[in-house]
Amino acid sequence: MEATTPVQTPPAAGPAAPRPVFEVEGLHIDYTTELGVLHAVRNVSLTVHEHESFGIVGESGSGKSTLAMGAIRYLASNGKVTEGSVRLNGVELLGLSSKELRELWGSRIGVVYQSPLSALNPSIVIGKQLAEVARQHLGMDRAAALARVAEMLAKVAMPDPEAVIKRYPHQLSGGMLQRCVIAMALMTDPSLLIMDEPTTALDVTTQAVVLDLVADLKREFASAILYITHDLGVITKICDRVGVMYAGEFMEQAELHELFKRPRHPYTLDLLGCVPHFDPTPQKRSLVTIPGAIPRVDELPPGCIFAPRCSFVEPACTTARPPLAEVGEAHLSACRRWRIVPPPEEHLRAATEALATAETAEGGKATLVEVDDVLVHFKAARGLIRNREQRLIRAVDGVSLDVRSGETLGIVGESGSGKTTVARAIIGLTPATGGKISLSGRLLEPSTGRRPRSSLREIQMVFQNPDASLNPTRSVGDAIMRPLTLLGGLGRQAAKEKAENLLRAVSLPASYFERLPHELSGGEKQRVAIARAFAAEPQLILCDEPISSLDVSVQGSLMNLLMRLQLEQQTSYVFISHDLSAVQHLSDAIAVVYLGRIMELGDAVRVLTPPSHPYTEALLSAVPLADPDVKQKPIRLSGSVPSAMDVPSGCRFHPRCPRFLGDICVEQEPPWREGEGEHRIYCHIPLDELARLQAETLVLNPEEGGA
Amino acid sequence: MHVAVSDPIVAEEETLSGFPAQMLTERPSSVRIYWRRLKRRPAALVGTIIFCVFLFLAVSGPWVAPYDYQAQNAKVRLDAPTLSHPFGTDQFGRDIFSRIIVGTRNIFLLGGIGTFIAVVIGTAIGLASGYVGGWVDEIVMRLLDVLLSFPLLLLALVLLSTVGPSNLNLVFVVAILYIPMVARVVRSMVLDLKNKEFVEAARVRGERRSYVIFREILPNSLPPLLVEASMRFSYSIFLVASLGFLGLGVQPPSPDWGLQINEARNFFAIAPWTLLFPACTIALLVVSTNLMSDGLRQVMLPGGGRN
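If you read the protein sequences in the order shown, they are chains W and D. Taking our numbering, the leading residue of the first sequence gets -7, the next gets one more, and so forth. Taking our numbering, the leading residue of the second sequence gets 3, the next gets one more, and so forth.
Just so you know, the hints here were simulated from the structure itself, not pulled from any lab data. Treat the hints with caution; some may be incorrect.
[Stated by the list, open to error] Stretch by stretch, here's where chain D covers chain W in the computed footprint (C-beta under 8 Å, at least three residues):
#1 177 to 184
#2 447 to 458
[As the list claims (entries may be wrong)] To give a feel for the contact side, a few chain W residues facing chain D, derived at Cβ under 10 Å:
#3 Ser461
#4 Gly483
#5 Arg524
#6 Ala525
[Unchecked claim] Calculated lysine to aspartate or glutamate pairs in the EDC-like style (CA-CA distance at most 20 Å, straight line):
#7 W:Lys357 with W:Glu345
#8 D:Lys41 with W:Glu26
#9 D:Lys196 with W:Asp459
#10 W:Lys371 with D:Glu140
Cβ coordinates follow ideal geometry from the N, Cα and C atoms, glycine included.
Here chain W stands alone, though its shape is the one from the complex:
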């Protein structure tokens, strides 16, 4: 428990202390807006050494990108650094002319943005774009620059660099593009590399590959890395030091391990509690919630800016703003009560509650929905003259699963795996082209339009994008009342009362009844969408990535809400997500989907512990867990999910399978291997063999043990 050996230490840079490369001191950044001057970043200091990466974590609106971009003076025209000092290798940046800055940006500072596709010009081949940097900043000629590009692409582990040089950006996958952008940023061997959410847009398996790459590059290049992310799991893979930002200020700064194991600020503590703990046991617990929302920077409370949401607040906290002060070795906290901040495990026990599902989990629950060998095939659009032959997109290609009454079935998979299409086939929005779907024993029509209202009301859906799931012209109250009057047959007055109850059930104030969607935050919109789904009193709610576009703390409170409503209503969920930690937190059973086919299906605990399908194993190795002590296997998948028009022969996972056996996987479809309980794995490797192969190294926290 007290072992504080940092994981992933940078290579020893000799006995001398590492040289500071990037130093920010007392930085203030203002934006001039129509609301007046906003102090977006206030009195922020940080130091990054060579070979070191400094992680900035924070929720949206915390000012983390503004800080990084403002420090190198790359701000929108209405942004301005008003105070402070920024030194790169001892050179003060704030006094430089704009010409000197331009020189510096490309050569001494590299930036990697979130979206690789928009960071590259779509009409210029990769080689030429990257060579441009070498010619501009290193003064190389064409040939030398291209050689340098090939060398850099090889360094970022790009397969076949020579071929990639001649490609256009749209011909590469997201992960490969991000590698190109990283290669471009490192071209000039910069002193500072700023990475702004570089893996957020990528699939979890690709993210793991890119994170490995960054960790390797950190050893090879002396660059100081400023890594911005909202994802606590990603931070543990990359960073040596971490700063937690909140509403424009640092709340805490510490070494990675120290921050995660011994946080000295209540905000850090709460953030850690918002993320689901990876803990494959049937026992479910709620997550820590942070009440309220981040204050706007022009409406900060007078004392500590976190005080209104803090669970350790005392009257003195609300009068004066505590400074960021040293509370331990290289550990800074902006809390006056840092001494009483408990260890994370203790806080977790105190601030969360066990949910009573354990006793009911065992024993046969009734099957609510039965999906039997469902196919969803689309005809690919064909050209008028050329390309006459019709091609088939096999989005869902023979999926069978059951949803048990009152339980949650989690569906995980990479993008393009067909997980959403399965849900849309169940509800009928994308009609199944084959197979059977039945609800409580009654066969359902494939298309929504042909189902009677009585069966429509039994299945509802919560959509992924909160901004599109509510009609912008209808008030919140209208949105919730409509299913009550239409499907519930209630009169207006009764519907209004019921809608107000539902609003309360999703923890929104009654005053929201008259509001229009644009007046709500993303999390609030999603709460309304959940209330609307529950209004029909359905037996099944399909949740299609309902939380993935939201902030960590909002995700936590929505997961709590979903679990609480399930306990009250005994509603079944199908929870679709690419985020394995969220799925394992909510689900009783899990289906792992790849390219339209289920690879593994069973009770959550059984799926997450050996024996697992090699694909599940790869996902488990790739998911970034917010715990620096957890050791994960270094299993990485190469490439990306193939097109559903060209499904590989035999086992469709074989081209990427890390446990590929040989011809049998290419030629024959694997059998279903039945494990204990209702656990099934679609693989040529027998279960005991899989168990033996995976025994030593599946994800598990060595101390806590788990199941």
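Go by the hints and put chain D onto chain W.
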């Protein structure tokens, strides 16, 4: 079946005390937001004000005009602008200022009703075609393409010379010409909206097709539709004036602006004001309507919209 949805004790648990005060109190209505945005765009504001003045004249023209638009006065034929006749007089000694004022109603009625019919029918076609999709959409759109492929004025001339010039025919010609354009705009909005998740949510709860179209999709296409309608209106002013000028529009002695320009051609050398003022008025109304519709676009569809 009836399940108690809310447990007050559990609901209390996640208190809302931390919500910033502004989120609970301030609720600007969308009209007020539009007005706030409009105030920051002086050109759009000026355009709107000028347009409103014209609108006022269209309603109250005969009462505010200083002279009867038909009153001839042989003593002041082709007089230059004076204080008593600010825009001068025409070949019959009629006050041009009054004729322009009274003529406003004409152009608003012809262009306005024509545009209105085009918007109603075009919206209906666009909604149906976009929502149904498939081969229906394909056929409707190709038919509209045929209409669009004729030069606008030429098509108007052909239609009017076939059915004969009259106010009613003029209105229908304006409508026919603009239906395809409105339909295209509405259809593109429908295509964008019909796969939005709130529309899917409506389908999932078994709403009728008419409900989905008129309650879920139509209200969200109104802002771009309004912008489109105001653009169409400003072009219809051109069209009506051009047709009047060519003698196929409103017939004499109506105080139509295009007609006035046509009649004034013969006197341009000796009395340029007879032509200049009606022409400038048309330009002013078109420019102000354009400024207003540009403003509407910026105000109602911030961050792009069309074009």
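Comparing the hints with the structure gives:
{"no.": "1", "hint": "177 to 184", "result": "violated (count 0)"}
{"no.": "2", "hint": "447 to 458", "result": "holds (count 8)"}
{"no.": "3", "hint": "Ser461", "result": "holds (4 Å)"}
{"no.": "4", "hint": "Gly483", "result": "violated (14 Å)"}
{"no.": "5", "hint": "Arg524", "result": "holds (7 Å)"}
{"no.": "6", "hint": "Ala525", "result": "holds (8 Å)"}
{"no.": "7", "hint": "W:Lys357 with W:Glu345", "result": "violated (24 Å)"}
{"no.": "8", "hint": "D:Lys41 with W:Glu26", "result": "holds (13 Å)"}
{"no.": "9", "hint": "D:Lys196 with W:Asp459", "result": "holds (15 Å)"}
{"no.": "10", "hint": "W:Lys371 with D:Glu140", "result": "holds (18 Å)"}
The earlier numbered hints that this structure contradicts are 1, 4 and 7.
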